[in-house]
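Enquirer: Letter by letter, the chains look like this.
2 protein chains.
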Amino acid sequence: MKLDVKTFLDRLRSLSRVENRDVVRSELEGLLPADIAQGFERLSTSEGLNILRQLDDETAAQVLIELPTELARRYVAELPDTTLAFYLDILPMDDALELQEELEPDRFEALLEVIPREDALEIRRLMAFPEGSVGRLMTEDFFEADPEATMESILADIRLAPEGKYETVNDIYVIDGARHLLGVFSLRQAIRAEPSDVAKDVMVEAIVTVPATEEAEEAARLVAKYGFYAMPVVDARGRMLGIFTVDDAQEVVSEADTEDVLKLGAVSGDAEAYLSLSVWQLVKRRLPWLVALFVAETLTGSVLRYYGEKDDGLGIAPLTFFIPLIIGAGGNCGSQVTTTITRALALGEVGTSDWLVVVRRELPTALIIGLCLGTIGFLRAYFGWHSGLPLSMVVAGALPAVVLWAATVGSMLPIGAKRIGVDPAVMSAPFITTFVDATGLIIYFEIARRVLTGV
Amino acid sequence: MKLDVKTFLDRLRSLSRVENRDVVRSELEGLLPADIAQGFERLSTSEGLNILRQLDDETAAQVLIELPTELARRYVAELPDTTLAFYLDILPMDDALELQEELEPDRFEALLEVIPREDALEIRRLMAFPEGSVGRLMTEDFFEADPEATMESILADIRLAPEGKYETVNDIYVIDGARHLLGVFSLRQAIRAEPSDVAKDVMVEAIVTVPATEEAEEAARLVAKYGFYAMPVVDARGRMLGIFTVDDAQEVVSEADTEDVLKLGAVSGDAEAYLSLSVWQLVKRRLPWLVALFVAETLTGSVLRYYGEKDDGLGIAPLTFFIPLIIGAGGNCGSQVTTTITRALALGEVGTSDWLVVVRRELPTALIIGLCLGTIGFLRAYFGWHSGLPLSMVVAGALPAVVLWAATVGSMLPIGAKRIGVDPAVMSAPFITTFVDATGLIIYFEIARRVLTGV
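Those sequence lines, one after another, are chains A and B.
By the count of the working numbering, the first sequence reaches residue 455 at its end, each step adding exactly one.
By the count of the working numbering, the second sequence reaches residue 455 at its end, each step adding exactly one.
Since the hints were derived computationally from the structure, they do not count as laboratory data.
The reader is advised that the hints may include incorrect statements.
Same chains, same names: a pair is fine if it fits in one copy or spans any two.
With a straight-line cut-off of 16 Å between C-alpha atoms, the simulated EDC-like cross-links for lysine to aspartate or glutamate are [what the hints assert, rightly or not]:
no., residue 1, residue 2
1, Lys200, Asp235
2, Lys225, Glu272
3, Lys225, Glu41
4, Lys418, Asp106
5, Lys225, Asp247
6, Lys225, Glu251
7, Lys418, Asp22
8, Lys225, Asp35
9, Lys6, Asp354
10, Lys200, Glu152
11, Lys200, Asp176
12, Lys418, Glu218
13, Lys200, Asp146
14, Lys284, Glu251
15, Lys418, Glu215
16, Lys6, Asp81
17, Lys284, Glu113
18, Lys225, Glu349
None of the values given here were measured: they were computed from a predicted structure.
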């Protein structure tokens with residue numbers, strides 16, 4: 001049961017202009033917060049804010065927490081403290097910590113004062129673990145039992161516990177007086193055992209645990225490897241602190257994979273939904289890498305120059321010194337774009353109908369990047385290698401042209417591939433790079449021919 | 001609680017020489033099958049087989065199913081039919097289907113005859129769904145209830161069901177007479193409701209379902225998006241067929257991510273554990289891409305040649321025609337290696353102490369690939385572009401040298417980075433490509449200088 005993205009988006013847009021709470025609420029009733037959140041990625045901040053303000057606080061909070069961090073940050077700044085305090089209070093603890101990352105430290109501290117003391121204390125406890133550790137992502141709301149507890153009393157506890165006190169009761173952890181984890185059994189086993197059986201006889205003893213300071217990615221890969229639903233988190237002395245659940249593990253793995261994919265394509269930064277990033281944020285994630293690679297690539301030019309000047313017999317001309325720079329810049333820029341778009345397509349953040357949205361982000365991004373590289377290239381050619389004004393100008397002009405071309409190819413080919421039913425990942429970085437090599441050189445030589453030989 | 005890989009491996013190796021069942025079994029008791037399987041990746045087939053044969057059939061089956069497909073295939077071929085029939089019978093249905101992929105169709109058919117009829121029928125039903133669909137990966141062993149069933153009778157059913165009849169009873173699906181899914185509620189809710197409450201009053205109605213023919217990757221991304229533990233799978237007429245659980249979803253997502261990462265680095269093939277692949281399999285996954293990219297890259301050479309011959313004013317010499325070919329081959333080969341190794345490091349398939357194992361696979365692979373590309377390059381230069389014997393030989397010699405160099409850099413830099421605590425993904429394809437560009441050209445020019453000018 002998938003929503004048609006376009007229809008849903010039109011519906012959200014028109015709802016953002018409705019001022020009647022009841023209409024907005026009833027229209028969105030029955031939708032899952034994750035679906036509403038996905039629609040928000042394509043709304044402007046003011047449109048989204050209009051809808052959020054009409055929703056009841058609980059739904060609004062759930063939508064907010066499903067949003068990509070970058071996007072949530074924009075909304076959070078616009079919402080009143082009273083609303084945020086309510087959010088913080090009703091959110092599961094691990095999500096509350098996510099909210100913390102989106103707020104100014106002062107503001108977050110102030111919020112902790114207005115929520116129930118017990119919740120504030122738990123938040124502070126989890127915040128003590130290093131960022132990126134599993135301790136930050138665990139929940140303390142697991143169900144525990146005494147080794148001597150009978151199944152009857154355990155089921156009675158589950159029956160009488162306040163709604164929402166436990167994140168899950170599917171696994172029951174057996175803890176001794178020193179808070180050491182002795183074993184675990186499932187709720188199903190509790191039901192199937194005799195009511196008078198005690199926990200220590202029902203439980204399984206061999207349990208894989210993870211220390212709270214372990215990196216979340218490492219812990220998440222363990223959850224995946226063993227096919228666990230939840231993994232107990234312990235402190236340095238083996239006392240049980242909480243559980244790390246598979247849904248959080250899956251999010252961690254997916255974000256880590258996205259970051260790795262982007263890094264392989266030379267894009268830095270967190271796993272943020274593509275559409276939630278502005279052109280400036282795209283430039284910020286890509287330009288430092290490109291400049292570093294560009295400067296490194298001038299080494300290749302220096303190699304050419306060295307052999308060209310040292311050895312006339314090889315016949316290497318000044319125009320060719322810049323070939324690695326030009327095709328390198330085009331290839332790297334193309335890699336970045338195709339990697340980013342391919343990942344966004346794989347995660348469903350971008351669809352084939354979004355090509356115009358993609359062009360509107362990629363072309364300005366490429367223009368800014370191209371102008372920066374063109375400037376550096378000119379300086380290098382004119383002042384560094386004393387290549388003379390005409391050749392330096394050829395380089396300065398060719399770079400933005402090649403980068404724009406690479407961005408166009410790198411973004412349109414994966415989307416086109418997906419449209420005709422080919423796996424977009426086949427339009428891989430090496431493929432785009434090779435394609436841009438040949439076509440980028442034509443751009444370079446055509447500019448060179450016009451400027452240098454005046455043909 | 002992580003195992004020290006080296007110690008564990010030594011232990012496994014010595015166990016593979018022990019002929020006493022009881023010793024082997026008691027040594028491995030308490031270990032999870034996933035852990036034993038991980039050790040197997042580093043054993044030879046005969047060592048692994050010795051251990052498998054000493055284990056009881058259930059444990060052996062569980063180890064087998066945790067192995068990467070390529071590896072499992074090798075063992076399965078060596079195990080007697082009687083053992084395999086036992087495996088097939090005790091394995092969960094979705095794993096049994098995996099086993100099917102590892103066997104000859106005839107042999108699998110024969111096995112289906114010897115296992116209980118009901119299980120054989122379920123396997124045949126699931127096999128009817130297209131490969132890669134969620135229908136193949138679902139389990140039919142979900143717990144269902146009639147809309148009028150009381151909580152008391154549901155809990156009694158759970159209590160009395162044969163061990164292992166249901167994959168999970170954490171969610172209870174409410175199904176009407178036409179097998180349509182009406183709603184769902186958790187086992188916890190069943191316990192918390194009054195014993196006399198009926199299912200239709202306890203259940204939640206809004207349920208996200210997925211058609212059985214949906215691609216498994218698509219369905220798995222939905223499971224991740226919503227944070228579900230299990231997702232109901234329905235047929236075209238909305239009748240419930242089974243559930244797709246989060247552990248299977250996570251495996252699907254991880255494999256799809258691995259395949260996407262490898263494709264971005266121009267490596268084709270399934271997500272197989274790096275160490276389970278032989279040198280020939282590595283060549284098979286890489287060479288077709290490299291040859292295709294190499295042939296495409298000759299286009300760039302043609303562009304250079306065109307401008308070089310057309311326009312003397314640009315001063316482009318024959319030696320430079322081959323620059324894009326040389327640095328392209330080095331860059332693409334380096335990309336493939338660094339992408340493969342980085343992913344294997346991220347998944348924990350390869351550790352920093354495995355550098356020698358990696359070198360022993362990568363260098364022979366690169367040699368084979370380099371010789372192939374060198375041959376194609378020679379043919380292209382000598383017969384295609386009539387570049388003369390000396391220059392053609394320079395190209396033929398430079399290509400294997402650059403490819404070997406690229407493979408060394410591409411495999412050692414990520415491992416080295418991880419060793420000194422830097423994220424190996426930073427040693428990205430563009431980084432390696434740029435580095436190999438400059439150094440690869442030095443190799444090319446040094447060979448050229450010696451051959452062409454005799455210096």
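Enquirer: Flag every earlier hint the structure violates by its number, smallest first.
Expert: Checked against the structure, the hints that fail are numbers 1, 4, 7, 14, 16, 17, while the rest are satisfied.
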